Amino acid sequence: MALTKEEMLAMYEKMLLIREFEETVANVFSQGQIPGFVHLYVGEEAVAVGVCSNLGVKDYIASTHRGHGHGIARGASVNKMMAEIFGKIDGYCKGKGGSMHIADVELGFLGANGIVGAGLPLATGAAFANNYLKNNGVAVCFFGDGASNRATFHEALNLASIWKLPVVFVCENNMYGISMSQKVHQNITDVSDRATAYGIPGLTVDGNDLMAVYEASAEAVKRARAGEGPTLLECKTYRHRGHFEGDACVYRCEDELNQWKKKCPIERFAARLLEMSLAEQDELNVIKEQVKEQIKGALEFARQSPLPDVTELTKDVYCD
Amino acid sequence: MPSVGIISNPASGKDIRRLVAYATVFGNNEKVNLIKRVLLGLDALGVQRVYFMPEYFGFYHRVIESLSGQHRPALEARMLDMPIEANQSDSRRAAALMASVGVKCIITFGGDGTNRVVAQGAGEVPLLPISTGTNNVFPVMVEGTVAGLAAGLLATGAVRPEQALVRAKKLVIYINGRPVDSALVDAVVLTDQFIGSRAVWDTDKIKQVVVTRGATTNIGIASVAGGIRHISPEEPLGMEIVMGDADAPLQVKAAIGPGLIKKVPVTRHKLLESGQRVTVLEKPCVIALDGEREIQVNRGDRAEVELSLEGPFVVDIDRTLSTAAAGGAFLDKK
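Top line first, the protein sequences correspond to chains A and B.
First residue of the first sequence: 10, per the working numbering; consecutive thereafter.
First residue of the second sequence: 4, per the working numbering; consecutive thereafter.
Check each hint, because a few of them may be wrong.
[What the hints assert, rightly or not] Derived DSS-like pairs: lysine-lysine, alpha-carbon spacing no greater than 27 angstroms straight-line:
id, chain 1, residue 1, chain 2, residue 2
1, A, K14, B, K210
2, A, K231, A, K271
3, A, K231, B, K273
[What the hints assert, rightly or not] Calculated Cβ distances over 10 angstroms to all of chain A for the following chain B residues:
id, residue
4, P13
5, A47
6, S200
7, G230
[To be verified] Per the computed footprint, the stretches of chain B lying under chain A, defined by three or more beta-carbons under 8 angstroms from a beta-carbon of chain A, are:
id, segment
8, 29-39
9, 154-163
10, 289-298
In case anyone wonders, no lab produced these hints; they're calculated from the structure.
Every value quoted in this text rests on a predicted model; they were computed, and no experiment measured them.
The C-beta atom is built at its ideal place from N, Cα and C for all residues, glycine as well.
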């Protein structure tokens, strides 16, 4: 791992961009300004940024219902994302999809997904395509601990392992499947244990430590590109907000949340940058301000964008 | 009442060495099986109480539930009343609590890293370290039943401590003159700036090494020392090694990880005696202790490593069992 200062600051900025985007969405959602449901990624930023920082233009990612962070980490436009969440014509799906359908195929972002575990076969298929085309691309699938109980998880890992596909399965284990604690939905605590059953490497890292995620995913991606097959990478993390906005979170205690807030991935990384004299506080403050401005701009863009005309309703939905 | 402590690390055997080397996968359910066999060994020799460290996987409940049938032990199992932070401080605090309630031995399930922190909390209470980690030099690969018997012989007084125990060495890490941490096997100075995924596998980043022991039968950095000169766990010596580049006068072929055999360039090396301190030459750096990156040393800091002969007491399983056998402890003549 030989990251330059610029690369590290870019990763810091990306995490901040996700945090600011999500907190802004939370704010406008609470004011009733946006339609539909949103599932926010606050607290899990190091996973998306640590993994996506290892990807190139030929690579794909498949995301989840909590997909804003993955999209931003992959380089998606925050303007178009915000417009989509507002249901506006300039959004990624022209306002017809909302939070859980944001996708950008040009960026290799195969989309958020409203169905738990549905990204697993998508990413496996994308990895198959890369393998078939011999373009040295890899695919990454983000999913949660709950999704690891779905048949799609087992089918995808089985196929990927038997065909040695270039795919990295990234489990964001945030300890809850909706409101159900992992303790009561599976008889293991480390989802990476399941790799053994498919004859592939499985490992667990601290998902709130950007560099731990970055290093582990770098090795998994390297392995995939070298034709050595898939990896199951489990990142232990925690969502600061509810499963969805409006969730009363009665299934978890305040103390648990506060303990995890102390492990905030952004603050941890910033502290290390300062300790190692890799950045000055002033530099970090400038980045924060730039990020705030960028998200303000995205919000304004979304507000100014028109609602889709009723004639748009069936466009891009059916094939001719 | 003869009692024993059980500290099982649910995170051992799952790190990045499964990707960058060919490390063993040791699932937690297999650790449950291992603990069950240890408990049955302890029970057979009359240990009456066992204390478990609480942790996120729940070894205590799983072991007790699965031993509730025909092999249910007579001993009483308790879980320590302590908060879980899900990091290595749990093991340290659990060991200290076990020492305070008077356990005669702490049985650990983990790797070198697990034992490092348990030793920091255990004080004079001996450890019986069972390997379930990755780069394991300190803990031993042993069948759980046999380990349970050895711990039981010590805990019940059937074998005296002076017959059963050996004292390990340790390294004390000083930052700006203050002791901040310790290691049982090795301290490795790396050019890294982050702790990150913790493991050490890129030898190009290793600048300096201090070890308490060295053998070519070891896996990890201790094998580099072992390739130069064998240093047994009992010998009152350690070694400092300063790494070089491809032109270094000495290249040591060493198994620095499971399946990972590399030529390590060495500029110089020297034996260390008890109390001798070595200055860390590279700054800023990260110091890995017993195979895991632990300490971030900043540019203005002064870091030193000292060899100490006052490490934890460790149960010598072979000696304990053979002493017991010689004394007829396993015989029941009619």
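Need the status of pair K14 (chain A), K210 (chain B): alpha-carbon distance at most 27 angstroms?
It holds: about 22 angstroms lies between the C-alpha atoms, which stays within 27 angstroms.
Within the segment 289-298 of chain B, is the number of residues with a Cβ closer than 8 angstroms to a Cβ of chain A three or more?
violated (count 0)
Is it correct that the beta-carbon of G230 (chain B) has no partner in chain A closer than or equal to 10 angstroms?
Holds, since 26 angstroms exceeds 10 angstroms.
Pairwise hint evaluation, K271 (chain A) against K231 (chain A), where the allowed Cα distance is 27 angstroms at most
violated (32 angstroms)
Non-interface claim for A47 (chain B) versus chain A (Cβ beyond 10 angstroms)
holds (29 angstroms)
Looking at P13 (chain B) again, its CB stays over 10 angstroms from all of chain A?
violated (6 angstroms)
Given as non-interface: S200 (chain B), partner chain A, CB spacing beyond 10 angstroms
At about 4 angstroms from chain A, S200 (chain B) fails to clear the 10 angstroms cut-off, so the statement is violated.
Distance restraint between K231 (chain A) and K273 (chain B), which requires alpha-carbon spacing of 27 angstroms or less:
violated (38 angstroms)
State whether the coverage of the segment 154-163 of chain B by chain A holds or is violated, taking the criterion as 3 or more residues with Cβ-Cβ distances under 8 angstroms.
violated (count 0)
Between the segment 29-39 of chain B and chain A, are there enough contacts, at least three residues with CB-CB distance under 8 angstroms, for the coverage claim to hold?
holds (count 3)
Of the numbered hints stated above, those contradicted by the structure are hints 2, 3, 4, 6, 9, 10, listed in ascending order.
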